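Protein chains in written order, with full-length UniProt numbering: chain A, 1 to 373; chain B, 1 to 373.
Source of the hints: derived by calculation from the structure; they are not laboratory data.
Since we're looking at a predicted model, the values are computed, not measured.
Where is the CB? At the ideal position from N, CA and C, for every residue including glycine.
Here are a few chain B residues that face chain A, going by a calculated C-beta distance under 10 Å:
(1) 70
(2) 111
(3) 214
Over 10 Å on every C-beta distance to chain B, these chain A residues come out as not near it, computed from the model:
(4) 5
(5) 153
(6) 286
(7) 358
Number of protein chains: 2
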Amino acid sequence: MPTPTPPPGTHAARRDRLRAALAEQQPDVAALLVDSTVNIAYLTGFTGSSARLLIGPDVERLLSDSRYATQIERQCPGLDATIRTQAESFVDSTVKVLAKVRGSVAVEAEHISLHDFEKLKGAAAGTPLRTSDGLVEGLRATKDEWEIEQIRTAVTVAEEAFTETLNDLRGGESERDLSYRLEAALRARGAKGFSFAPIIAVGENGACPHYEVGDPKIGDAGSLLIDWGARMPGGYVSDLTRTVLTGEEPEEFRRVYDTVNAAVDAALALLKPGVPLKDVDAASRAVIAEAGYGDYFGHGLGHGIGLQVHEAARLSSLSDDVATAGMVVTVEPGVYLPGRFGVRIEEDVLVTPAGAETLSSLPRAEPLRLRLA
Amino acid sequence: MPTPTPPPGTHAARRDRLRAALAEQQPDVAALLVDSTVNIAYLTGFTGSSARLLIGPDVERLLSDSRYATQIERQCPGLDATIRTQAESFVDSTVKVLAKVRGSVAVEAEHISLHDFEKLKGAAAGTPLRTSDGLVEGLRATKDEWEIEQIRTAVTVAEEAFTETLNDLRGGESERDLSYRLEAALRARGAKGFSFAPIIAVGENGACPHYEVGDPKIGDAGSLLIDWGARMPGGYVSDLTRTVLTGEEPEEFRRVYDTVNAAVDAALALLKPGVPLKDVDAASRAVIAEAGYGDYFGHGLGHGIGLQVHEAARLSSLSDDVATAGMVVTVEPGVYLPGRFGVRIEEDVLVTPAGAETLSSLPRAEPLRLRLA
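Taking the hints into account, I'd like the entire structure generated from these sequences.
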């Protein structure tokens, strides 16, 4: 299966949108120096691990090294590139390119390290450096039709793999064994693999929101929390969570489950274009607080997904983001009772002009009850 | 299999070594704010994805959030921790902790983003901020006995999985299929999986030094380059490359192979404590240049491995590092002939008091010739 690529002209159009955003938000700078490799992939199609992109009204140049020369020709035909050899440092190569810009250059402050910034500032004496925050991320937060299709596929692959794997749940296998089978099922459907190290947590392990996997056996306790997603060859991801029963239902489990599920519903009911995402977080959080579990939901409600598992926008009490049609975000409230169990339910949600569309079709109204083979 | 952890007291001893290095190299600062999660794992055992560590003669405090509270109790018993809730930003939480330090605090300039640095600088007005480079990395570059044992295991697992998988090489399978089988073989031997996205490159794909995997079938061309490694549950990695023949030998292949192999030998012959690593790079590079392939070896000779696949020290023409007993580094010269094929051979090498020990026992004097099933 060939790697999916967006329709011809997409990358160039994204670069044009970035130029427009730069002209609007920072009219005083001549160019933006993009440091994030994910942002570079979004803007150019280049997927290598080491690059910078200088882009402005009068300049457009990819900087990388000779390991990637052939790959850049393949992935970005026609894009101007400066390819350094191993004898030249990345900073020196960058400084040479900056020297050709007339005016100041903004760096991506969230991505460039303080070290590299200080080095560039010292060496590129003729080019005043400015800072910029989240310009490309802001573009990426709203997905186009092609991107939404990619994420839909990543969600479908994830849920089909989940259903197949859980229909064959084996009491003797460990959390880790189950993760390998789940990943194989993802790959059998065309995924590159997991989109992040999955969380497969038996019983009280589910009370650590960022547990990964270990040796406990499926069925050692009554509940099982699974947080997983697929990364597709084109780079787009899904990110879902279900909490299921694999044995005796722990005391208070159903009350917690129903609370968390209602917290998902509360978020979905409110989510539509124009709503501040901190309000969506608050509405969901209120459901949990009213049930008396407020102290046991310590993380934000969700985050954007796309080329990364965590990207703009944020759904949290600290967020300044506002829901916009085309955003794809997670809604993932949870309640974690230390030493007992945790329940999290996570949906991937597309913000539509009319409201919110849940991309997964996995049921969640009741906890799945699974029989171990 | 339980996750391997170093002998009791190891993390505390590493923090003491860091304090000593800080006192020697930056006696004017009261503490170091560690931003790198890998450095934090090395110093504390905490493996979560979001944390900072403040450490100095009079202070030692881990900062994280409530998602990780239980994990921190498990992994770092006895370590003072500040756990913020979702209602407080990481910067605000950090500023509160910094406010208790009397004197200036150094940040890890290579890890902290310019954005976070500016925010901390603005908010922590009473705490002068300084910069620091590579202090923890410098400690990590030299491995202790326990770490060397972990890396040896990662190398053994990688080579056993390689041998098993390549003894069953199938002409009909793609580069991607082969990567999945190789990863399953790694996991069957206790690895978490690959230590990085492997490069499995048929024929001319091997001429892209950082190609990953794709749809070409094994056997579509005569040569196959495989760059892979294992990540073990304790976090330590291996990183090896072999180039093998799976069909008709491409013209000039053997001459290139022998050159690259001689370039490995030249590096190993020179590598011992006290030798500047740029000299090792130069010696290896000279072999390739003398054979007329100097323009086709565009990357550095190698890098340290440990908790990361790329870490200090560097073997390159730009390196200031000097070989020290206990370093574990890759030696990986290559020659890449665009449109034709690439040859790279990579060894993981321990610097011993007497010289260099190759950790892998996979043969390399002649290219492996494999028969497709």
